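J.: Assemble the dimeric complex from its two separately framed chains, guided by the hints.
Spelled out from the first residue to the last, the chains are:
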Amino acid sequence: MEVLHRPRFVDESRCTACGVCASYCPVAVPDPYDENLKTRKAVYIPYTQAAPAVFAVDPDHCLFLTRKECKQCTRTCQAEAIDFDQKPQVLTYDVGAVILAPGFSSYDPSRLPEFRYANAKNVVTGKEFERVCCASGPYMGDIRRPSDLSKPKRIAMLLCIGSRDKGRGNPYCSAVCCKFAVKDAIVALEHEPDLDITIFYMDMRMYGKGFETFRQRAKAAGVKFVRARVAGICEDTLSHDLTLRYVPENGNLKEESFNLVLLANGLEAPLGAGNLAVASHIGLNEYGFCQTDLFAPASTTRKGVFVAGAFQGPKSIPESVCQAGAAAASAAELLAPARGTLAASKTYPEERSAPNGAPKIGVFVCHCGKNIAGVVDVEEVAKYAQSLDDVAMVERNLYSCSSDTQALISRTIADQGLNRVVVAACTPRTHEVLFQETLREAGLNKCLVEMVNIRDQCSWVHMHEKQEATQKAKDLIRMAVAKARRIEPLSDSVIEVNPKGLVIGGGLSGMTAALSLAEQGFRCYLVERRPELGGNLARTYYTLEGPNPQEHLKALSKKIQAHEGIEVFADTTIESVEGFVGNFKTTLCSADGRKTHIEHGTIIVATGARPYEPEQYLYGQHDRVVLQEDLEQQIGRGRLDPSELKQVAMIQCVGSRDEAHPYCSAVCCNQALNNALKIKALSPETNVTILYRDVMSYGFREAFYSKAKERGVVFVRYRAERKPEVESADGALRLRFEDAMMRREVIMEPDLLALSTAKVPYENQALVEHLKIPLSSDGFFLESHAQLKPVDAYVDGIYLCGNAVFPKPPDECIAQAKAAAVKAAILMAKGYVTVEPIVASCDTGVCIGCGICAHLCPYGAIRMTKIGKAKKAEFVSAICKGCGICAAYCPVRAITMGRFTDDQIAEQIAAFGAEMCNDKEQG
Amino acid sequence: MTKNRVEPKILGFLCHWCCYAAADAAGVSRFQYPTHLRVIRVLCTGRIDAVFLMDGFANGADGIFVGG
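Protein chains in written order, with the numbering used here: chain U, 1 to 923; chain E, 1 to 68.
Source of the hints: derived by calculation from the structure; they are not laboratory data.
Since the model is a prediction, treat every value here as computed from it, not as a measurement.
Possibly wrong hints are sitting among the right ones.
When the alpha-carbon atoms are kept at most 27 angstroms apart in a straight line, the in silico BS3-like pairs for lysine-lysine are as follows [what the hints assert, rightly or not]:
| no. | chain 1 | residue 1 | chain 2 | residue 2 |
| --- | --- | --- | --- | --- |
| 1 | U | LYS254 | U | LYS166 |
| 2 | U | LYS383 | E | LYS9 |
| 3 | U | LYS466 | E | LYS9 |
| 4 | U | LYS866 | U | LYS585 |
| 5 | U | LYS500 | U | LYS789 |
| 6 | U | LYS881 | U | LYS346 |
Chain E regions said to be covered by chain U (calculated; three or more residues, Cβ under 8 angstroms) [what the hints assert, rightly or not]:
| no. | region |
| --- | --- |
| 7 | 25-34 |
| 8 | 56-68 |
Beta carbons are placed, not taken as given, at the ideal position from N, Cα and C, and that holds for glycine.
Chain E with its partners taken away, still in its complex shape (with noise of 0.2 angstroms):
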């Protein structure tokens, strides 16, 4: 199956305090969103260690979201 449509693979590192809880307000709203996103929560986006966004890369992601 051919898809000529851009499926990036993204990871996402969200703060529980803000854009965490901003994500699922969306839900509760039901706004619509891609869905390429893979989100794992962080007590704050100071806990990203630069590791992490290079494990990231070279675990396959196309981009990588940090929402704090």
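One chain only, chain U, in its complex shape (with noise of 0.2 angstroms):
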């Protein structure tokens, strides 16, 4: 593989993203970041999490690389990082994989002159928005409209721009605008509640967890929702108020002033995708994203090329993530047996023995660049460092966190015979990690050095006050070096992780779990109540998109089969689960009562959902009346004809987005429209309508509704006020509703009707019971972290997928089981756990057994366990976060928390206080 690299101009390794050059560079150049909201500098750094942390020059708009003028970065830049000799390079990579990840770019609503965009202020983008809202954006977080800076008042958010638009944009659903504009109009009213929003829209697309109840929020909020299409956006020319022509849902065309319009614009393939297709050999979808299969969503055309992301179509932030897992495991799988031959690992010199005897402290004070020495008096810390006790050396570093620097002070650390070293410089959320490493260096334990954070918490938060600062910074390191005394060297445990996983269900998410962890080359047991796997997909006969979900389960089913890494347990429910992360126990229980003892590294969740059964419209009592799941499989197996049928009604949202349950199961729009499309294949006489309240189909997925359309399937909306009625008349069924547009009511007799019900999740109370994961207030399982953690559980080793989070289509399934299934994989190919020594641990001496710790330990990592007589609490380190609520309410003081003991913090406050008596001495 060949790659371009590009230069940056600055060198990575000297560059410690001080930002001296940038103050110093004379161009200003609007900021993409902030959506040119803002300028940043030629010499600029993307934003503030940019990974890696160093800047770069922008050769488009550096005098220096445009018109070899200036230089003042060069001049200015301590550190000498600024490289303008740097020159473009072919890299050329030999590898076994390649996962495409090039995002998406977004509509151009330019394209939309009847919007104004172009050259109205007050008509921002999405993203705009979302940059006038943060705090670190262009108004520091305050709402306000560019075309003056005044804050407005009345907000409109339109819907839908550049998205399901054959004519001038792009016919497919962007997936995400529904959403972000509810959470734009939330986020807004928080910081300013009087205002008032108004989102028009043509359907509410808000499917998924907890979206639903989200839009609510915002409706309970204020928030007001117009189901009209905008016709166009007049400008005010003097007071740039933007004037909204749109013809409401009564008819009457209506205008409507505002004083901002955001323009929520579509998702499109990522500029430049054309190429890539053509330098990696992959194909692209009618719509310029990448080309993957419905039951191989992470699968471009080409073996060895994944995708992950929004490349593979518009998707939101946890769906981005899955879909990144999944490459990572289709990844791992081919090359699992390259596993580690690569992988290379470092070795320390040897600890010195545990520093007994008065301590010796070294205080490193930073000077960063100009950062902490231009506001703090860095001297005169350091002469203050000096006269506290046990400090036996103070030094001064222009870049303590430079290569040569950290070389310097594990030489310092050596030759001075330190054994405590306090670091003054800027964070250690960032840095604790480097100077632990440069104490290992010196063979002294990580965990005798404190950091004290004058740069990010003083320096530049007190940017004028340069006396205060000063003096803060001692004070800080005071508190710091009265803490470094009582700190003490500690090591990481280390805890073995047995490489073999649970899968439990076997559907869909289960098998292709189970699956890819034997593809990755790791044993695993599949576990099913049901006599065979299979789930819903074996009730699955045809796709929107093609695929034959039968054919699909019978090859994965062959290969499980097949696979002598992967033991089914048919027939069998769990009875009991032990342990801990890496190491749990489970007994299996099968149906003739025989119980298995397994033992395994990790646990993957996928128990599935199954629909909800309703007991409204005549479900149950009249044999015509079906769920989409039984219509479907009727019509596969061939048991019913639809040319027999003269009239199919289908119900949508039954049971969903109500009291019952409150969310959007986000996969029925999409059953109806199979079926309803099936139906007209097989008979086109045969007339369909859907009743519908918002049709879900997100993503590529419009092209099917659209298509339905097309093909004379008739689509009536219904009001949640107005559920539509169904009475059984003579045997034959009856349905009663209201067309919510036309406001009329209608009576229709269908042959068939069939509801489109809620996926609901199965009763799970003795599986949570036994994992001890939360579940969310819909049933569903709860993960850790429902954007960025979107398959791990709450319970280390545990990892959750498919329909058991949320109800979702086949290729979101597979992709989450994947994801699933590469973290349990991480785990288990590293083999081990490490635990950092800052966990809880507890003097059994001295615990009296009262239980209170280990009943408010909020990750279950405390067990009450009889040691002789007496009930003592036990610390799992493998679990424990080290929050320290245990140590800060045990009433005897048996807890110890690592580096952050209750000695060393009654120290800091000590120290804290000393400041006050120095004060009161020199008043």
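T.: Below you can see the structure in the form of structure tokens.
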């Protein structure tokens, strides 16, 4: 693989991201990160969290690179990191797999001139508004409008800009805009509660976990939802207010004025996707995104090349994370035989024995170029540090984090025989690991360093109060030195991980996860409570996209049965689960009562969901009223001939988006489209009427909504307040409903009524208790972070996937299953878990066995066990996160928190007070 | 030297994962705020024993800020 590496013109190994170059750079350029609402310099760091956190020179705007002038940055950079000699390089890599993750581009709303984006300043895109709301954005989080920076009172948000628009936009639904518009509305209201916000939409596609509730929250907060497509916007040339023209549901043209308009512009295939496709020999779909198959969402058309994120199709953050996991899993399956062959482990000098005797503390004060030294009087601070008890030496460094200073610190530690180190520099959140490494290089235990944050929380935030900032730096160093006197060497504990996995649930997700684990080289147990594998997939006969689910199931089953790494336990339930990450012991119980004990390191939960069986609409009372699943099965097995039906009616949102199930199940509209199109394909004369509230054919599935309309499927919207009614009249069905658009009552006598019901979780109470993982309010398993950790359960070593997390179509189930498998595999491939020595430990001699700690521990890391005759608290350090709630509540102070002991904190508090004494003496 | 300004001594206990990170982010964004706060980093505000607060006041804190 050949990669073109463009020059950064900054030496990554030298740059310390201090920002002095940018402060001297004379060129201001609109900042694309802030959607051009703010400027940055021609030498810049793209955004605060950029990785690597080093500067780059913008070759299109730098005066030196464009006109051979300036070079201010070179002169001012004390780290000598600017390097204008860098040239573009073509790098060649020998790789076994490639993952493409180029993201997406945004639709340019100036392609729709009626919305005035190109010339009206107060018409902004979704991303621009995000920056407006952001505390680090152009207006520091104040909601202002660009034309005059005044606070808008009325904001309009227009959805489907360039999406679901065959004419001048993209025919597909961008899948995320409804959600981000509602989020923007809620965020804006948090900033300015008096804002008057109106969202104009076609269908509110708040499918997925928690989103419908989110919309209800916005509604309760006063956000208005208007179902209308805005025809055009006029700008008032004086006030720059904007007048929207639209036809609301009552049919009368309306004009309404707003101070700011947000266009929720859709997602497009990433710029340059075509070139990437040519370079990597992969196929693109009709919309220019990466072409994938329904049952292989991470595989491109070329073997060994995989796709992650929105390049596969518009998707939200958790879906992107899952898709990325699936791509990683697919690559790991392919490369399993080569795992670890290129890895090398780092070696450190032997640790010096535990420092006994008096503490000998070295203090290193960092200038951070001018970042600290420009505000804090570092010389005075160093002098002060020298005066503190037990401080053996003080040194100042221009950049403590630069590699040459690191080596110097390491040498100084050894030469001076230091046994504690205090580094007064930036934040331990980013740099503690680096200094711990330095200590290890010097043969000192890594826990013997204490950092003082005199940059991020001192010089940077008190730039105009030099004297006070210097005093603060001194105080913080005194407190850190006080703590350093009490710090002790501690080591990481290592817990082995059994390289076997348990997958609970043998549906599409469970089978996919098990096969992925096995293909990645790990043995696994696949447990299914039904006598056969397949789950919902076994009852699926055709798909919108085309691939045959029964064939996929057959192929998957065959692979699983043939794979020696997978042991299948069908007709089996989970009797008990003991243990913790890396070391689980589970008892399985088969239908005939036979018990099997298994040991494994990880667990993947894939227990699925089932269709809700309603009591309304004569379901279960009339043989012509069926669920969509039943209809599919009857047609799929040839038991129902659609040509015998004149009129088929379908009701959406049965038991969905109501009090019982407030969420949208995300898949039912697609099921209805799937069955409707199948009926139309088999019998074009059959009338199909779908009664819906919002059609949720998100993403590329929008095409099937269009296709259904083209094939003559009739879509009639009903309102949640006026649900359809069904009665049996002499054995025939009579359906009565209100057409929400025409506001007319319609009576229909369908031959068949299919209900699209909510998807609900199985009763998982027993399993929940075994696994000790929480459920969300809707009864599905709760991820540890809804956005960023969509497959991690709250308990380490347990992963979640498929419909058990939330209902989703098969491609998303597969992506999530593979993502769960790769997370489990990461743990098992490493073979052990290292536990940072920040965890709690208990002096059993002092412990009185009251159990308060075990009761309070949010992670279930404490067990009360009998030692001799008395109960004592036993800590499982593999699970402990070091929060210290137990220590704070222990009535006898038997609990010690590593690196944050009671003694250390008490010393810090006392040192905080020592300043008071000094002040008084001086006063 | 007499000062008319109130110069309170404030002791802060900041959670490593949230408030301490937010304080860092404030620095990155160069938000300016008064200099009176002295921070002790903890891994969770759940770590804070009531004794720490009493200790803080006994050691002369005019106010204690717990951020988590």
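J.: All hints are to be evaluated individually against the structure, with a verdict given for each.
T.: Hints versus structure:
Taking the CA atoms of LYS254 of chain U and LYS166 of chain U, the gap is about 25 angstroms. The hint holds against a cut of 27 angstroms. Using a Cα cut-off of 27 angstroms, the hinted pair LYS383 of chain U and LYS9 of chain E holds, with the two alpha carbons roughly 23 angstroms apart. With a C-alpha separation of about 18 angstroms, the suggested pairing of LYS466 of chain U with LYS9 of chain E holds against the 27 angstroms cut-off. The hinted pair formed by LYS866 of chain U and LYS585 of chain U meets the criterion: a straight-line CA distance of about 20 angstroms does not exceed 27 angstroms.
For the suggested pair LYS500 of chain U and LYS789 of chain U, the alpha carbons sit about 22 angstroms apart, so the restraint of at most 27 angstroms is met. Between LYS881 of chain U and LYS346 of chain U the CA atoms are separated by roughly 26 angstroms; this keeps the pair inside 27 angstroms, and the hint holds. Under a criterion of three residues with beta carbons nearer than 8 angstroms to beta carbons of chain U, the stated coverage of the region 25-34 of chain E is upheld, 9 such residues being counted. Coverage of the region 56-68 of chain E by chain U holds [criterion: at least 3 residues with CB-CB distance below 8 angstroms; count 5].
Figure legend: structure checked against the earlier numbered hints; every hint is met.
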